[in-house]
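**Student:** Sequence:
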Amino acid sequence: MNSTTMRRAGLSIAVVTALTGLAACGSGDDSSDAADGGRDKGGIGVSPIAALRTVEKSTDDADTARIDGSTTMGTVSSMDMKGVMGWSDGITGNVTVTFTGGTQAQQMKQLGQTKIDYRYLKNGFYANMGDTFAAQAGGGKHWLAYDYDTLAEMSGAAGEAFQDQMQKTTPNQSVKMLLASGDVERVGAEKVRGTPATHYKGTVDVADFTAKNTELDADRMSELKKQFDQAGISTETIDIWVDGDDLLVKKIEKADTKNGPFEQTAYYSDYGTPLSVEKPPASDTLSFKELLNRQSAG
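By our numbering, the letter at position 78 of the sequence shown is numbered 130, and the numbering carries on one by one without gaps.
What the hints contain is simulated information worked out from the structure, not anything from laboratory work.
Computed from a predicted model, the values in this text were never measured in an experiment.
Check before you lean on any hint, since a few could be wrong.
[Unchecked claim] Here are the simulated DSSO-like pairs of lysine-lysine, each with C-alpha atoms no more than 27 Å apart in a straight line: (1) K174 - K341; (2) K134 - K174; (3) K228 - K310; (4) K161 - K134; (5) K253 - K310; (6) K341 - K243; (7) K310 - K174; (8) K341 - K167; (9) K228 - K109; (10) K341 - K109; (11) K253 - K243; (12) K331 - K306; (13) K134 - K228; (14) K306 - K243; (15) K331 - K341; (16) K253 - K161; (17) K109 - K253; (18) K306 - K109; (19) K228 - K341; (20) K228 - K306; (21) K109 - K134; (22) K310 - K331; (23) K310 - K109; (24) K253 - K228; (25) K253 - K134; (26) K253 - K174; (27) K243 - K109; (28) K134 - K331; (29) K109 - K167; (30) K253 - K167; (31) K306 - K167.
[Unchecked claim] Per label pair, the in silico range of CB-to-CB distance: (32) K109 - G246: 21 to 31 Å; (33) G240 - G192: 15 to 25 Å; (34) G192 - G234: 48 to 58 Å.
No residue lacks a Cβ here, since even glycine has one placed at the ideal position from N, Cα and C.
Produce the entire structure from the sequences given, and follow the hints as far as they go.
**Tutor:** This is the structure:
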């Protein structure tokens with residue numbers, strides 16, 4: 053395997069997974085039958101927007117959750133994801149991604165594996181790229197390190213936008229998007245894996261959403277719009293399910309892209325579960341920047 057192939061495989065697998073995977077997680081059985089015990093915390097006469105503001109805060113305050121789900125993006129990728137994530141001070145977590153189809157799965161086969169273990173820390177994340185990578189490109193090292201500040205320096209506004217996305221991608225991001233869109237309706241009481249929940253849905257107009265985003269400066273906003281345009285996304289539908297404790301228990305996001313249909317299904321459970329993330333040993337870690345420098349020199 054030549055260095056160009058390894059570089060493309062490492063970059064696309066690790067970065068694309070990080071961007072798409074955190075917001076979604078989990079496949080599994082789900083029943084949407086009407087639930088007699090389903091409780092709408094918004095109550096009669098309370099708007100869905102008001103109810104979701106409570107959900108946003110409750111989920112944000114929970115700090116950690118177990119996540120599992122699935123993501124597909126046309127012919128590019130399909131993956132399953134399981135782990136525990138935290139968001140009290142940046143994004144942290146231990147997550148395993150299994151590549152099940154698409155061009156990314158083919159890239160993974162070149163690395164001799166179908167899974168990657170990720171460790172997310174406040175200032176970056178680490179991907180265990182496996183024995184083949186260690187032998188052929190990693191100089192004997194298995195873990196590839198992505199430091200957010202370094203990626204921002206290397207990529208300019210694109211890297212800064214990526215850094216912002218990674219450090220703010222919490223489970224309630226879909227709730228925030230619905231609140232920003234203003235287009236929300238209460239569907240009714242249903243069950244999610246046996247738990248009574250209230251189903252909400254809405255449509256996010258990407259152009260309107262980015263226009264309302266006041267947290268990014270002009271360069272980052274321009275890059276974010278560019279990413280949406282390059283992906284061919286103009287609107288996205290979001291469905292969320294909320295339990296009786298005002299916690300997000302499921303979400304589905306769908307959009308059409310230039311690479312085909314995009315869909316994420318995520319389940320969230322065990323809010324407040326303990327989480328400890330260990331930084332991989334330095335002796336077994338190679339930085340992404342160092343990898344690129346080695347390949348350029350070679």
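**Student:** State for each hint whether it applies.
**Tutor:** Taking the hints in turn, this is what the structure says about them:
no.	hint	verdict
1	K174 - K341	holds, 18 Å
2	K134 - K174	holds, 19 Å
3	K228 - K310	holds, 25 Å
4	K161 - K134	holds, 20 Å
5	K253 - K310	holds, 24 Å
6	K341 - K243	violated, 46 Å
7	K310 - K174	violated, 32 Å
8	K341 - K167	holds, 23 Å
9	K228 - K109	holds, 10 Å
10	K341 - K109	violated, 37 Å
11	K253 - K243	holds, 15 Å
12	K331 - K306	violated, 34 Å
13	K134 - K228	holds, 23 Å
14	K306 - K243	holds, 21 Å
15	K331 - K341	holds, 18 Å
16	K253 - K161	violated, 38 Å
17	K109 - K253	holds, 18 Å
18	K306 - K109	holds, 24 Å
19	K228 - K341	violated, 33 Å
20	K228 - K306	holds, 16 Å
21	K109 - K134	holds, 24 Å
22	K310 - K331	violated, 37 Å
23	K310 - K109	violated, 34 Å
24	K253 - K228	holds, 13 Å
25	K253 - K134	holds, 24 Å
26	K253 - K174	violated, 31 Å
27	K243 - K109	holds, 22 Å
28	K134 - K331	holds, 19 Å
29	K109 - K167	violated, 34 Å
30	K253 - K167	violated, 32 Å
31	K306 - K167	holds, 24 Å
32	K109 - G246: 21 to 31 Å	holds, 26 Å
33	G240 - G192: 15 to 25 Å	violated, 56 Å
34	G192 - G234: 48 to 58 Å	holds, 53 Å
When the structure is compared with the earlier hints, violations turn up for hints 6, 7, 10, 12, 16, 19, 22, 23, 26, 29, 30 and 33 and for no others.
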